[in-house]
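Q: Below, each chain spelled out in residue letters.
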Amino acid sequence: MTAQSGSRPLPARIAIYVAALILAVYSAFPIYWMVASSLRPTQEMLVDPTLLPRSLTLDYYYSLLSQTDYPRQFLNSLIVALTTVALTMVLSIMIAYGVTRQRIRGKQMIIAGMLYAYMFPPLLLAIPLYAMFTSVGLDGTLLSLVISHLTITMPLGVWFLWGFFKTMPFELEEAAMVDGCTRLGAFLRVVLPLSVPGLVTVAIFAFLLSWTDYTFALVMITSDANKTVPLGLASMIGAFDLRWGDVMAGSTLIAMPLFAAFVMLSRYFVQGLTAGAVKG
Amino acid sequence: MTRWLLPGFLAVGVIATLVLIVGPALYAVSLSFYEIRSLTSAPEWAGLANYAAVLASGEFWNALWNGIVYAGLAIVLQVVLGIGFALLLNQPFVGRPILRGIAFLPYLLPTVIAVLTFKWMVDGSLGIVTILMDDLGLPPIYWFETETASMVSVILISVWLWTPFVTTTFLAGLQTVPPQLYEAARVDGAGPVRRFFHVTLPSLRPILTVIILLRGVWMFNKFDVIWLTTGGGPLGATEHLPVLSYRMAFTLYDIGSGAAVATLSFFVLMAAVTLYFRFFPIEGGK
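So the protein sequences, as listed, match chains D and E.
Take the first sequence: its position 200, counting from 1, is numbered 200 in my numbering, and each next residue is one higher.
With positions in the second sequence counted from 1, the corresponding number in my numbering is that position plus 1000.
Chain D is faced by these chain E residues, among others (derived, beta-carbon under 8 Å):
hint : residue
1    : A1028
2    : I1128
3    : T1168
If you are wondering where the hints come from, they were derived from the structure by calculation, not from laboratory data.
Everything numeric in this text was worked out from a predicted model, so none of it was measured.
Quick reminder that beta carbons are idealized off the backbone N, C-alpha and C, glycines included.
Generate the whole structure from the sequences, applying the supplied hints.
A: This is the structure in structure tokens:
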């Protein structure tokens, strides 16, 4: 199918470029419009907009960062996402390695539990977690949000790394242990370094899930001080005077780290998707 | 140390699974048997009363139906568009690597941003879509006010956000189909359409089975798109089970019924997945 492109007739080639243009506009236009609207002066927004803004302004970013809770929310999002990533890595590495290398009954239960967790409606987890956090006095904290994100990211990490460790020959660790490594040493010095691509993928998806989450934040976070960016942006929708420029600036700022990460690490994103480490 | 490393790792696994997954799920099911008016007052045993009330209400069946319509249409559109995009991105043309990246971008966005940008683009007076439609002489669409339009809105947003998942996974599958199969089909005189239906689709059937399963599970459970776009409205026209469950538990403060809806919705999904496996068994272990 891809073999003989040079001999393709002209109409077919034109059709391909037209389709490519449609795909590009469909995927990128809303994103472009978000960025453009965050830079377009208000008086220009009120008349018929041009495709390219006639002049650019950083007013919305300035007012967003100096007059709203946005910086605080950004920091909250960052704290929650990074903590979630760290805990996801530690837990899923330990569990996946244990499940792969140890032969005992009951490990099927762990794997099955992880699979079922994929199918849980978010509210089936959010309602009991909220009740549990309330009874221990953790309700409304960033930690409660981290723990609820773990219910999604940990199964994902275990599931993905389990597939990764399975393919790694046990002889590698045996050789290291023959050479005098302890089991832990063999794990840390041989298995983990070889697993870096898998670890990066899990970290990316854990970050993505936590950074973009709205549902759990809506249930868990009650105070303005602990709001994450998705929650903060969502509460702007209902505001009396909706300032679209501010909203689009806030949206652009939270999307940029994801786009930057994608540009640098796109191979891991694709690898994660095709191996089933995914966000819904 | 050496002897206890793996059992230790597994113990962490068992505890984490119990605390994070099994415990909350069982707790949710148990909450559904209680009448709980607030989290500070003592829950009262209600037996099956919450289930009886939920199943007797029109709301539950309305939400179930809306969920089937929403998930069903969103999945069909995602899969058809995703396969189309993947076939395109598998053709050689100038700029293909960049377009593959661009086609992935919507998947990275938080739902909130997609919803906000959509609302901004269709804003009644300043939205670019509204202005363009007006310029073309088309009648305005009230995206969130009529029943059909609001369902169309939530489906459009969902399709836009998650088509890249299908595109990327299907494209990865396309690259594993041996070119000899296409050569053989070509020699036999099969055109592009027949090659797609007789070579591509059968080769990618296992991948497609998994893609549809995953997308189906997620679309059925998806809460945020509908909640942020319409809140389930107008008049319940887009309310599906996750929104109903949230509304009962957190705006009506009837946690027992909210948990009952979540539990029922889980069992509906389990039944659907079991049925799906009956019709489309996934060959090999995955």
